[in-house]
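Residue-level listing of the chains:
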Amino acid sequence: DAKTTQPTSMDCAEGRAANLPCNHSTISGNEYVYWYRQIHSQGPQYIIHGLKNNETNEMASLIITEDRKSSTLILPHATLRDTAVYYCIVRPRDNNNDMRFGAGTRLTVKP
Amino acid sequence: KAGVTQTPRYLIKTRGQQVTLSCSPISGHRSVSWYQQTPGQGLQFLFEYFSETQRNKGNFPGRFSGRQFSNSRSEMNVSTLELGDSALYLCASSPGGTGKETQYFGPGTRLLVL
Numbered sequence: 001d002a003k004t005t006q007p008t009s010m011d012c013a014e015g016r017a018a019n020l021p022c023n024h025s026t027i028s029g030n031e032y033v034y035w036y037r038q039i040h041s042q043g044p045q046y047i048i049h050g051l052k053n054n055e056t057n058e059m060a061s062l063i064i065t066e067d068r069k070s071s072t073l074i075l076p077h078a079t080l081r082d083t084a085v086y087y088c089i090v091r092p093r094d095n096n097n098d099m100r101f102g103a104g105t106r107l108t109v110k111p
Numbered sequence: 001k002a003g004v005t006q007t008p009r010y011l012i013k014t015r016g017q018q019v020t021l022s023c024s025p026i027s028g029h030r031s032v033s034w035y036q037q038t039p040g041q042g043l044q045f046l047f048e049y050f051s052e053t054q055r056n057k058g059n060f061p062g063r064f065s066g067r068q069f070s071n072s073r074s075e076m077n078v079s080t081l082e083l084g085d086s087a088l089y090l091c092a093s094s095p096g097g098t099g100k101e102t103q104y105f106g107p108g109t110r111l112l113v114l
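Chain order of the listed sequences is E and S. Counting in our numbering, the first sequence runs from 1 upward without gaps. Counting in our numbering, the second sequence runs from 1 upward without gaps.
So here's chain S without its partners, still in its complex pose (with noise of 0.2 Å):
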């Protein structure tokens, strides 16, 4: 079984722009979740979605925004970015919607904002 994939997997952008990023979970899966990690701050959950709605949320500000579709893939958009937003961005899959499963992470999209 396939693992989950994201795209890009390097990114640079300036600051100001906005940057959109692709997950597709493990076949079956139906929750993905994302994650921002740093050195500085390690991993930090941005929100969860299952069956195309946002079931949880992390703390960061609006300008982080997610959905996903009726395949379960989902999208993680960044506007107006900051250098702080440079980081490594993950998406995780579980199988379905209890919170209790393990969660499966990509290989994570580099983000560089300049």
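Next comes chain E alone, as it looks inside the complex (with noise of 0.2 Å):
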């Protein structure tokens, strides 16, 4: 069972930050926080991970809250190429096999 709770679908205007909730409550010390998508049933692309502090990389921002139960990813400007499924993972630092895909966050960028 997947670990990590995320809303089922989100709208977002073409150029606007997009920002994508996910509920770990149950995340231990040695867990990261991953993010991955996926694009019309191709190979789930990797976004960007964290542990505690927050991350940036050239796609998206990592907000992770000081009790590490929840985060947030941030497209900074998204575009109609961001329309996927953006899946929240909780994943053991030295296990990268043990990844549970759960729905998923359906976002649908309009412009």
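Source of the hints: derived by calculation from the structure; they are not laboratory data. Just so we're clear, the structure is a prediction, and the values are computed from it rather than from any experiment. The beta carbon of each residue, even a glycine, is placed where N, CA and C say it ideally should be. Accuracy of the hints is not assured; some may be wrong.
[Stated by the list, open to error] Partner residues aside, some chain S positions facing chain E, computed with beta carbon under 7 Å:
1) 33
2) 39
3) 43
4) 48
5) 51
6) 100
7) 104
8) 107
[Claimed, not checked] Capping the alpha-carbon separation at 25 Å, the derived lysine to any residue pairs in SDA-like fashion look like this:
9) S:100 - E:102
10) S:1 - E:102
11) S:1 - E:58
12) E:3 - E:63
13) S:1 - E:48
14) S:100 - E:67
15) S:13 - E:53
16) E:3 - S:104
17) S:100 - E:26
18) E:3 - S:102
19) S:57 - S:44
20) S:100 - E:23
21) S:100 - E:109
22) S:57 - E:31
23) S:100 - E:53
24) S:100 - E:16
25) E:69 - S:13
26) S:57 - E:103
Since each chain comes alone in its own frame, lean on the hints to assemble the complex.
Set out below in structure tokens:
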């Protein structure tokens, strides 16, 4: 079973920031928060991950609350190509095969 | 750097047949993992190979097998296909053997069993 809870779907206007929330209230100290996205049944694409600090890369920012029980993925300027299912995953630090994808959030970016 | 590649992208087989899927990891990556993704069960781990050895195995029957070659390319075989084997089969690679690294997925092979 997935260890995370995400909204089923969200809409975002093109050019605006998309903020995707994720709850992981049972996360333990040795588990990462990972985000992947999947476009139209292609393979999942890695976006970003973090342990307890906020992270930023060329694709997105990840904000993790201080108690680590929730996080938010931010796509700063959403484009139509960002329309996808976004998965938030809690994964042990030393077992990258233990990835339990839930239903994810279907993000639709609208013109 | 080229990403993970998988061939073929689509396959149609009939029950009882066998199938072999191929995966080429990102250059320099030595760990290759295989997953099955279905709408009902989500993403399920099949097995992981590192340095030509199976290091981790999920909870799938022995009909599912794999191997890895010295160049880190990997193949997965499914024998005696069943209707329930219809799925998207994903391969993911990571740099090394610690289990800590990020996995990068290929585009997948969509298998339909009739």
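Outcome of the hint check:
no. : hint          : result
1   : 33            : 6 Å, holds
2   : 39            : 10 Å, violated
3   : 43            : 4 Å, holds
4   : 48            : 6 Å, holds
5   : 51            : 16 Å, violated
6   : 100           : 5 Å, holds
7   : 104           : 6 Å, holds
8   : 107           : 5 Å, holds
9   : S:100 - E:102 : 21 Å, holds
10  : S:1 - E:102   : 30 Å, violated
11  : S:1 - E:58    : 16 Å, holds
12  : E:3 - E:63    : 18 Å, holds
13  : S:1 - E:48    : 18 Å, holds
14  : S:100 - E:67  : 22 Å, holds
15  : S:13 - E:53   : 47 Å, violated
16  : E:3 - S:104   : 21 Å, holds
17  : S:100 - E:26  : 20 Å, holds
18  : E:3 - S:102   : 18 Å, holds
19  : S:57 - S:44   : 11 Å, holds
20  : S:100 - E:23  : 22 Å, holds
21  : S:100 - E:109 : 33 Å, violated
22  : S:57 - E:31   : 21 Å, holds
23  : S:100 - E:53  : 17 Å, holds
24  : S:100 - E:16  : 34 Å, violated
25  : E:69 - S:13   : 45 Å, violated
26  : S:57 - E:103  : 24 Å, holds
When held up to the earlier numbered hints, the structure conflicts with 2, 5, 10, 15, 21, 24, 25 and fits the remainder.
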